[in-house]
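With the sequences and hints as input, model every part of the structure.
Residue strings, one per chain:
Number of protein chains: 2
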Amino acid sequence: MAERNIWVGFDLGGTKMLSKVYDAKFQELGSERKKTKGHLGADVGIDRITDTIRAALEIAKVEASQIAGIGIGCPGPIDMEKGVILDPPNLGWGEVPMRKRLEKAFDCPVSVANDVDVGVYGEYRFGAAQGVRTVLGVFPGTGIGGGCIYDGNILRGARCSCVEIGHIPVVPDGPLCGCGQRGCLEAVASRLAVSASVAKSAYRGEAPHVQKVAGTDLSQIRSSTLANAIKAGDKVVEKILRDAATHIGTALAGVVHLISPDVVVLGGGLIEAMPDLFVKEVMSSARSRVMAAYRDTFKVVEAKLGDDAGVLGAAAWAEKTFNGESVKNHKDGS
Amino acid sequence: MAERNIWVGFDLGGTKMLSKVYDAKFQELGSERKKTKGHLGADVGIDRITDTIRAALEIAKVEASQIAGIGIGCPGPIDMEKGVILDPPNLGWGEVPMRKRLEKAFDCPVSVANDVDVGVYGEYRFGAAQGVRTVLGVFPGTGIGGGCIYDGNILRGARCSCVEIGHIPVVPDGPLCGCGQRGCLEAVASRLAVSASVAKSAYRGEAPHVQKVAGTDLSQIRSSTLANAIKAGDKVVEKILRDAATHIGTALAGVVHLISPDVVVLGGGLIEAMPDLFVKEVMSSARSRVMAAYRDTFKVVEAKLGDDAGVLGAAAWAEKTFNGESVKNHKDGS
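Quick mapping for you: the protein sequence lines, in order, are chains A and B.
Read in my numbering, the first sequence has 207 at position 207, and its numbers run on one by one without any break.
When you read off a place in the second sequence, starting at 1, and then add 334, the result is the number in my numbering.
Wrong hints could be hidden among the right ones.
As the list claims (entries may be wrong) - From chain B, some residues computed to sit far from chain A (all C-beta separations above 10 Å):
hint	residue
1	L374
2	K416
3	V497
4	G567
Said to hold, decoys possible - List time: in silico DSS-like cross-link candidates among lysine-lysine, alpha-carbon distance up to 30 Å:
hint	chain 1	residue 1	chain 2	residue 2
5	A	K299	B	K416
6	A	K37	A	K82
7	B	K546	B	K569
8	A	K239	A	K304
9	A	K35	A	K82
10	B	K633	A	K82
As the list claims (entries may be wrong) - In silico contact screen, one side only, chain B against chain A (beta carbon under 7 Å); selected entries:
hint	residue
11	E392
12	V396
13	M625
Just so you know, the hints here were simulated from the structure itself, not pulled from any lab data.
Everything numeric in this text was worked out from a predicted model, so none of it was measured.
Even glycine gets a Cβ: it sits at the ideal position worked out from N, Cα and C.
The following block contains the structure:
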């Protein structure tokens, strides 16, 4: 019988899914991606997930019987104890017993966690935040994802995942948020909120570069569009992005007063396109808003792993979950 | 040689100090209290601490050689790893190597932690919040103390103790806080803030009961004064207290979005004097401000242990620190 020493990571996104196969030292052996096609429902979705994993295994030349565990990161709230995804946004699948379905398909242990949480765990294990007690991850996208690793584990609340940094209020009576409140961080600083502000400026003729390459359709305004517009001299775009970063810093100050993270990792496309602007502005905004005693207690850094954070973090979380001892050795040795 | 199975708790306050001696099952064997007299300096302070412990041991008929560990809760930030108190407010002692000094005096292990943290730990082990994953404690006094027990341990940040719930902003451009910011929770909802508002109302003749028993000196307006004034019909006092509780609920909503506690314990004199008003108002305020998915994930309860929480929690934290295994058995058995 083959030794079970292969870890499989899976990142389930709203538009695409990605699986990677790793050896015991987390060297990548194979990789496969597909479109998610969430609208086809949960049963088709799970078939597509298992097909993607099988294809990645084939590329890696690995048998299912060699898998020590599969880790999957999924959007939205998760019941981590039961391995059930709870009505993920953008998928509309309702409750899905993900662990049970995948364990049946591959006859190996499966861990299910929130996609942002495993992304932050990836950065903690292999990326920008190794070896510290408390890591906060902040990932601006359509919303603003947050996750926290504390003492080597995903921080869990009564409801997992719990770090709803996108819903910290930062602008009193500010714009409506998708959650029904006003002035939440994600209503003023997500990629979506930023794009909407920039589109408005483009419409008013204040952002000629954006208008030329993307018009006023906010879905056409990508992170790279924004970075290029700043380089091309669209001053208002820079102002909008600095304001967004300042708001993230305001929210971060509140988090520092509550859980006092050692390292704050900023990630996602918006950050990757303009890392210096964000790291600097978030840091100075947060520093100016925390009590003096906390001013030098945290660092703000750019994520290192890009799209790999989620899939690698999911695989490593499976290892942590099913193989705690070897993780301990790994950490001691690193 | 006597078996070391006695745990000693110590609560170091700004005005008084309290020591209690417990057997292995945390039954109280003896107790002693003294005035702190912090102005006499750290050296005199530590002598007073050791005298108080010795007196409590004598009352309990216990030898120092029987002590398994001493736990001490101290105000302000603590370096828990080193057992050093860092310039506690109201004492002005600067940095004091508390663990080293007490270990020398009693020749046994000593754990040093923040007074609010050990108070919340006491409620987690023996009081209002047993057996849950995440407990948040909120104790309004001169400021508003906060502490968190997570997975059976005091939650630690880069700077201990980290749960600065008193400095969550709740009123934009609100009153100045002692920390230099504006509109922090403790600037509008501490016992001190409440007393100041009530004194102002008394001066204006709006709170006749308060004016009669306490005049307009806010240091004379005690929690019991407030509770009695409400019973006597001082409507404005009730309004001021409900507003304070509403603000605590606002801050709590932010905490729910970040760490999603299972149980929130409200404690301290203000709460003890008016538990129903506070529990109800804090709960409804927080519920109305959290996202729908979190509305039924937390409970707000009144602390059960009163003044004992700190001293008992400190002793139990010493047991947890130096005797982890037996705590585990205790928990499994409870």
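Worksheet entry | Non-conforming hints, listed in increasing numerical order | Per hint list: 3, 11 and 12 violated.
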